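With the hints as constraints, model all of the structure from the sequences given.
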Amino acid sequence: MLPSWLLEKGLLDGLTGAQAGDLGDSWLNWIIFMIMIAVLNIYGSKLQVQMWMNQIARALGQLQQLTREASDTFLQEASKFGGDGERVKKILQEAKGFFTISPVTLDPTGAIRRLENILDEAEDSLSRFVERAAPRADSVKRANLRDQLEGVIVLDLIFRIVRHYYLLGRKTQNWIYIAQVQMQLPEIMRIARAYWRSSTAFQRGVPVGDSIGPLVALRLIGGAPVEEVAKNVVAAEVELEDRRVIVVKAKGPGGEVGKPGEAIRRIVESRGGKVAKIVMIDAATKLEGEPTGEVAEGSGAAIGDPGPEKWKIEEVASQYSIPVHSIVIKQDLLEAITPMAQEIAEAVDKVIERVRRTIREGTKPGDVIIVAGIGNTVGVGNTLREAEVVAVA
Amino acid sequence: MPEEREAKEGPTLAATALMILMSLGLAAFSVIIIYYGIRAGSRTETPGMDTWFQVLFGVTGLMLSLKMVYDVLRMKIAPEEEEPTIVSRLQCVDCGHWKEREFREGEYVGLKAEEACPKCGGSMFVAAIYAKKPKKQARRPLF
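Chains as they are written, first to last, in my numbering: chain A, 25 to 417; chain B, 1359 to 1501.
Think of the hints as simulated: they come from the structure by calculation, not from any bench.
Note that the structure is a prediction, hence the values are computed from the model and not measured.
For every residue, glycine included, the Cβ atom is placed at its ideal position computed from N, Cα and C.
A couple of the hints might just be wrong.
In silico DSBU-like cross-links for lysine-lysine, where the CA-CA straight-line distance does not exceed 30 Å [unchecked claim]:
(1) 255/A with 1470/B
(2) 1490/B with 165/A
(3) 104/A with 114/A
(4) 1491/B with 165/A
Here chain B is said to cover these stretches of chain A; the calculated rule only asks that three of the stretch's residues, wherever they fall, bring their Cβ under 8 Å from a Cβ of chain B [unchecked claim]:
(5) 222-230
(6) 313-327
Here is the structure:
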């Protein structure tokens, strides 16, 4: 079975214990055993940390690549709209590392208003970067480019944070720094890939998973005329189930989310609080194991903003005792910011059925009801009027 | 483009060959250890600790090598992650008939489509735009 010269020279005697058949005489076994114990005791943790650092280094390479590709996509797109290559590159470098500072919450009074002010300024600043980078872009393209730029900024930030902990861990030889990054790497990479993929969606102006709210709103609006009721938010009045339904959505088809909270507040206040119900439709993060496109409902304002818009809805609803009902469409983070999956698009009819039922329940014919389709309206228009569609829902 | 970059991911040919060679070497070594462990144990009426250790190490080594080969093959022949196709669903305003076709740049939901309804000749509009997954995923070639 084995080459005879190995046995003849007795090279395997120590290993096999062939002469004695006893562990105590098998000197090579003992040596290997002792070396393994010594190595694992002394260098085990160092070897483990080194393996983790190698994994993080590989992930850093991938993160850098993803950031570079998303940046290139933005540069190419901006250059099509009057931006000079070098100039756009310089603007992108300036925009990278853009940050917002949260307001002081030690004194919570007015924190929401202060936060809104900061968020408005952040959005305006990014819009100004885009205006400089692509001066000939129209408002729709500009909104899409701004969303693309936000993706690049997030990717760049992820890369910088991971690199920070990697270098800090290497410098201080503190395995806690390394371990916490390594353990979060799968989630970090998943988020990074989601943002990287989103750049293609915004570049082409294709609806993303988060656009499901505006898509349902558009189906409800049908061919009804719309008007801008707040910054980048449109509304239309339609009749549904013998009720007067005011449908609200962000102004499309550019990548806008608008200020739906402000719009709802204005509508409610303009009617002296005579609104029977507020129904909100939005995308919601699904738990692992839940199917994409699953529809669920509950009470409360379904809106994923940092706070101000949700706060306005809750404030006005509680002021006039208006029930707030929400219908959500489940999806994961990747699906929410990448081109809309077929399962999500096909959930529209189910959502409309639920909206109809929700409208009927607890209200009377002739009541005014607000239905808000929340989310990024990239690739979703405002009305089907051009297509002469009277009612699709 | 994203698709091109992702397709290149996975172990290189040299890395695959090295991993397979290493696992084959480990498997051979494990078989030798098991063989000699059993041989040494068969000489006595009651097998000693040496025999048990050698068989245990051998079996562990064999399982490790099988796992290495499995991991390498799984990485190499795992189905390629194909990019979904972006399609536009066009719906007829008059008869409600719908059809899917590839998304065209500049289109958005609610836009009046250029084509007429193939069923009644009425005008169509873009009712939805979504990513359609490919039906069957192709396996990567091993080498």
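- Any of the earlier hints contradicted here, and which numbers? 6
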